[in-house]
Amino acid sequence: MKENRIIEKMIYDGDPGHDDVMAILLAAGNPGIELLGVTTVAGNAPLEMTTRNALITMDIIGADIPVAAGCSTPLVKPLYTAPFVHGESGLDGAKLFEPKRKPLDKHACDFIIDTLMESDGDISIVAAGPLTNVALALRREPEIASRIKQLVIMGGGRFGNITPAAEFNIWSDAEAARIVFESDIPKVMCGLDLTYQAVAVPEIMERIRAIGSRVSEFVCDFMTFYNNNSRRAGKNGAPVNDACCVAYLADKNVFTTRHLRVDIETKGEFSYGMTCIDFFRMNSGKPLLEPNVYVGDKLNFELFWNMMISAIASLG
Numbered sequence: 007m008k009e010n011r012i013i014e015k016m017i018y019d020g021d022p023g024h025d026d027v028m029a030i031l032l033a034a035g036n037p038g039i040e041l042l043g044v045t046t047v048a049g050n051a052p053l054e055m056t057t058r059n060a061l062i063t064m065d066i067i068g069a070d071i072p073v074a075a076g077c078s079t080p081l082v083k084p085l086y087t088a089p090f091v092h093g094e095s096g097l098d099g100a101k102l103f104e105p106k107r108k109p110l111d112k113h114a115c116d117f118i119i120d121t122l123m124e125s126d127g128d129i130s131i132v133a134a135g136p137l138t139n140v141a142l143a144l145r146r147e148p149e150i151a152s153r154i155k156q157l158v159i160m161g162g163g164r165f166g167n168i169t170p171a172a173e174f175n176i177w178s179d180a181e182a183a184r185i186v187f188e189s190d191i192p193k194v195m196c197g198l199d200l201t202y203q204a205v206a207v208p209e210i211m212e213r214i215r216a217i218g219s220r221v222s223e224f225v226c227d228f229m230t231f232y233n234n235n236s237r238r239a240g241k242n243g244a245p246v247n248d249a250c251c252v253a254y255l256a257d258k259n260v261f262t263t264r265h266l267r268v269d270i271e272t273k274g275e276f277s278y279g280m281t282c283i284d285f286f287r288m289n290s291g292k293p294l295l296e297p298n299v300y301v302g303d304k305l306n307f308e309l310f311w312n313m314m315i316s317a318i319a320s321l322g
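Taking our numbering, the leading residue of the sequence shown gets 7, the next gets one more, and so forth.
To be clear, the hints were calculated from the coordinates, so they are not data collected in a lab. Given the structure is predicted, the values throughout are model-derived calculations rather than measurements. Don't take each hint at face value.
What the hints assert, rightly or not - With a cut-off of at most 20 Å between alpha-carbon atoms, the simulated EDC-like pairs for lysine to aspartate or glutamate come out as follows:
1. Lys83 <-> Glu223
2. Lys258 <-> Asp227
3. Lys193 <-> Glu149
4. Lys155 <-> Asp257
5. Lys193 <-> Asp303
6. Lys15 <-> Glu94
7. Lys83 <-> Asp120
8. Lys106 <-> Glu149
9. Lys273 <-> Asp257
10. Lys292 <-> Asp269
11. Lys292 <-> Glu209
12. Lys15 <-> Asp120
13. Lys241 <-> Glu209
14. Lys101 <-> Glu223
15. Lys101 <-> Asp227
16. Lys155 <-> Glu124
Turn these sequences into a full structure, and let the hints steer you where they fit.
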């Protein structure tokens with residue numbers, strides 16, 4: 007039963023994905039969040055795989071939360087997936103199976119549009135994959151922009167992880183990202199500067215393992231693979247990037263933000279997909295564009311992981 011506190015209604019749009027699954031677990035297990043649905047997009051893996059991973063997660067936690075499959079390709083460019091990070095399944099390391107649950111007989115964009123249009127403007131969206139579904143929904147029904155309480159985006163940063171300039175989610179569909187970032191929706195951006203602070207270090211994994219439940223075993227299995235891949239890249243564990251977005255909806259104290267101007271590069275040869283963040287308000291004498299995004303800055307590591315571990319423990 008939810009505590010007597012403000013409940014944040016949320017749609018999770020992503021490409022599960024190890025860190026997406028951590029985000030879904032946090033949303034499903036946190037008492038301050040009502041997870042209305044999960045919409046999937048191709049990104050970390052093809053759409054069939056990301057949807058399957060979302061359904062498997064629902065089976066593991068025994069949740070009747072609807073899952074709707076969305077776009078299988080970006081708006082313009084060809085699909086590029088990340089088996090070198092997440093494995094061929096998108097969730098390598100986990101003991102995968104054919105899920106009992108099935109996706110809705112409704113496209114993710116229709117689910118997003120219908121849910122928002124029937125709401126009182128009190129639903130937030132966490133967009134933790136390529137922004138194709140959100141951009142397409144905005145194009146199909148522009149009125150939803152005024153119905154979204156806030157959009158919390160995992161993407162971007164002052165450096166890249168797929169090119170020197172670009173983060174994977176934005177780079178995967180920069181044209182979609184540009185549509186979303188230029189919208190009037192209140193936006194929070196969890197870029198790599200922030201999310202790389204949310205690392206599943208060995209001490210954290212020991213705390214999760216000590217829970218001793220089916221869900222914690224599931225987490226330890228897939229996070230072992232994810233952590234090992236990250237250690238080969240020189241990190242002390244894997245950053246659970248996407249879960250930062252959900253944590254912010256549950257508790258704004260989990261990280262600080264700065265209100266800044268962010269624009270998406272869609273034409274540069276070396277900078278395609280870059281989030282151009284005007285940190286210092288220096289636009290070469292041209293009229294300054296108004297800030298449009300709250301950019302995540304400093305993570306409260308202890309608060310974040312306490313929330314994450316509590317959610318996993320609550321799911322059994």
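Hint-by-hint comparison with the structure:
no., hint, result
1, Lys83 <-> Glu223, "violated (38 Å)"
2, Lys258 <-> Asp227, "violated (30 Å)"
3, Lys193 <-> Glu149, "holds (16 Å)"
4, Lys155 <-> Asp257, "holds (15 Å)"
5, Lys193 <-> Asp303, "holds (14 Å)"
6, Lys15 <-> Glu94, "violated (32 Å)"
7, Lys83 <-> Asp120, "violated (27 Å)"
8, Lys106 <-> Glu149, "violated (35 Å)"
9, Lys273 <-> Asp257, "violated (37 Å)"
10, Lys292 <-> Asp269, "holds (15 Å)"
11, Lys292 <-> Glu209, "violated (49 Å)"
12, Lys15 <-> Asp120, "holds (15 Å)"
13, Lys241 <-> Glu209, "holds (14 Å)"
14, Lys101 <-> Glu223, "holds (10 Å)"
15, Lys101 <-> Asp227, "holds (7 Å)"
16, Lys155 <-> Glu124, "holds (13 Å)"
Hints 1, 2, 6, 7, 8, 9 and 11 from the list above are not met by this structure, while the remaining hints are.
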